[in-house]
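Student: Given next are the chains, with one letter for each unit.
Protein chains: 2
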Amino acid sequence: MTTKSLFETLNPPVRLLMGPGPINAYPRVHQAISGALIGQYDPVMTGYMNQVQSLYRDLLETDNQQTMLVDGTARAGIEAVLVSVLQPGDKVLIPVMGRFGHLLCEIAQRVGAVVRTIDIEWGEVCPPELVEQAIKEFKPKMLATVQGDTSTTMNQPLAELGEICDRHDVLFYCDATASIAGNDLKVDEWKLDAVSAGLQKCLGGPSGSAPMTLSDKCAEVINKRKHIEAGIKADHHTSGSEAAINSNYFDLAMIMDYWGPERLNHHTEATSMLYAARECARIFLEEGSTNVVARHKQAGDAMAAGLQAMGLTLFGNQAYKMNNVVGVYIPDGVNGEQIREELLLAFGIEIGTSFGPLHGKIWRIGTMGFNARQDCVLTTLAALESILLKYKANISPGQAVTTAMKFYSI
Amino acid sequence: MTTKSLFETLNPPVRLLMGPGPINAYPRVHQAISGALIGQYDPVMTGYMNQVQSLYRDLLETDNQQTMLVDGTARAGIEAVLVSVLQPGDKVLIPVMGRFGHLLCEIAQRVGAVVRTIDIEWGEVCPPELVEQAIKEFKPKMLATVQGDTSTTMNQPLAELGEICDRHDVLFYCDATASIAGNDLKVDEWKLDAVSAGLQKCLGGPSGSAPMTLSDKCAEVINKRKHIEAGIKADHHTSGSEAAINSNYFDLAMIMDYWGPERLNHHTEATSMLYAARECARIFLEEGSTNVVARHKQAGDAMAAGLQAMGLTLFGNQAYKMNNVVGVYIPDGVNGEQIREELLLAFGIEIGTSFGPLHGKIWRIGTMGFNARQDCVLTTLAALESILLKYKANISPGQAVTTAMKFYSI
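Residue numbers (full-length UniProt numbering), protein chains in the order written: chain V, 1 to 410; chain R, 1 to 410.
Each hint should be verified, as a subset may be incorrect.
For chains that are exact copies, the list does not tell them apart, and a pair is met inside one copy or across any two.
Below, computed lysine-lysine pairings styled on DSS-like, alpha-carbon distance capped at 27 Å [claimed, not checked]:
no.: 1; residue 1: K139; residue 2: K217
no.: 2; residue 1: K191; residue 2: K91
no.: 3; residue 1: K186; residue 2: K136
no.: 4; residue 1: K4; residue 2: K297
Calculated directly from the structure, the hints in this document are not laboratory data.
So that you can see chain V by itself, here it is in the shape it has in the complex:
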């Protein structure tokens, strides 16, 4: 055996998480997640599951019956959709405008799909014409997109893509992990067939639960692949006509049966995470979709303006920036990682590094969920400015906070 230490009582430090996520959870979510456990078929528990479905339908602006949680992090939701819809050999079209587009390709390839990408320069979004042209040529079963790709901070417009998919009878899936609750997301109006997300960005919860929704059409495609486990199969259960899904845990046909009136046993629902997901949605709906998105836009605009007032340059096409995260070039002559470390250790503030071609070039600063607030924006700007001055970066001091304050009444 290696050690016999029990270590100390859990006592995480106070951090202000202003990176691309995870961020600080709403205090009410911390209360909810510590709620007492109940049995998975307790009528109160199945009642909570039904409430979660209703709350996320409202949050996602959809009437989809099949709206539920996948028990895992955001990428568990992505994989559940892709493995359940795409059979080996099925074609999927994926615009790649950052790391999370690559992730969609990676997951689609793992499940055996034939992937065609539309490669977009990092910092831009994908024009709808390119999508329509590729659909005509490639004739995919599904278009899979990322709405907000945190690696670049860009927010892909979806409404036109939904029209195109509808016209060509292509299923339309979107990974909304980074964008949900910080930017508009109108599932039915935009004709999305599948959306998955996570709690740890603008929904203000911890990572580990993936809300998702499926249109009736998409659910029907998946249910054709339904195969019920031998250990619980009864005479009245029927299997679908097509090949079984190559995963048990991510088999959305079975997960729909678990969340549906039949309550066929699948996994044991992650009760604490469900409590958290329920509270995230209640907080969102109580404040109201329009207000929540406006609050994210206000905080995001204030942060971006403050950074520019400091003399820093923003990354990417600002016309398409997500409300909730901004990319900013690291100024010449300073070490980006050293600044980040000092911000964390001296101020307790975390901002984000970046991936791939942007690594070492930009920081990513988030204003998400509970942290989409004036005090978080101002504190971060003041702290960043003071550390940049300490390292003699060539910036304009004394402007950032005042500029950001103009976005607020006080």
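Add chain R to chain V, keeping to what the hints say.
Tutor: Same frame as chain V, now just chain R:
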């Protein structure tokens, strides 16, 4: 949109969960899970990840470097092991002695493995001779077993199976979800190559995190299938020589890199669940493995003796019963589901129904984790007895509690 209700503040009822799991979490786990969030690469967070690895090595009695959490429920841990080790066409031998043996087959088939089963009557365990004979004939890559199958309450002895696998160079995997922390589990001594589990049984936490461990040999088999994501791949990264794993989320090669010194980004670790998993292990190690297992045996023996004193008949070969759950025949003339419902609604006590061939024939009563206590045993026996008397079941009243109390000093 369907409804606009926000529903009420989360307020789960007080239940005493005496079923086959999930059960009530230790109060300290509820405190830990509500801990403040920190960033995924915060040095405190990566420190907690290292601590979790060390704690679970001690808990699992192993020196395995590759000891970590899979972010999902217990069956996520199972699927991660099977999809990472077994390539399509690989052979796996599975003794099936209950529903969770069927689940191993189901998952193995989904990932494309060729499955051979050893079918054991429900209520018995698998004799080692049958395993050795089947290994000689079938020459599998892996033997996959369930240690404690909650559907039957039986506990499969593992030490001899480990010797057999070692002799025949077969990888030995065990799903210990239901048995861990309530029964002995000596990973290294018993020559196990892979073990996965969940928190929601005797570890006394919520469902949603799957502790697991891999021997060096098993990790090497998996690492031959390593393929790093395009979005984060750098020049110094090398891919394995064999076919990529048919899942991204469950790719244990990537998950090992995320938990290892390289900290290559994969999912965003489910921080709250990690806090819970850490506290479960600390509670276990603080009390001490021997004491925890003895406490489960004491509670389980007291419950079984109490039920028998009431005149009820136990299910299965008692020589192999798990310490932490007992199957008991529903007495003639009463409706098992009605009794369960009344216990839940009148006493707030949950006991378990059963699956498949045992459905409607037996109840399953657990004494797990925080609930492996005298007061839980006595309260459950008293409540069950009073409801059975109300429904005029043919039992011997007044014996159960006294009999169970003999297992305790007061």
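Student: For every hint, state whether the structure bears it out.
Tutor: Consistency of the hints with the structure:
1. K139 <-> K217: Within one copy, since 18 Å is at most 27 Å while 44 Å is not.
2. K191 <-> K91: within (20 Å within a copy, 44 Å between copies)
3. K186 <-> K136: within (25 Å within a copy, 59 Å between copies)
4. K4 <-> K297: Classified as between: cross-chain Cα gap 24 Å, same-chain 49 Å, threshold 27 Å.
Hint check: no violations occur; every hint is consistent with the structure.
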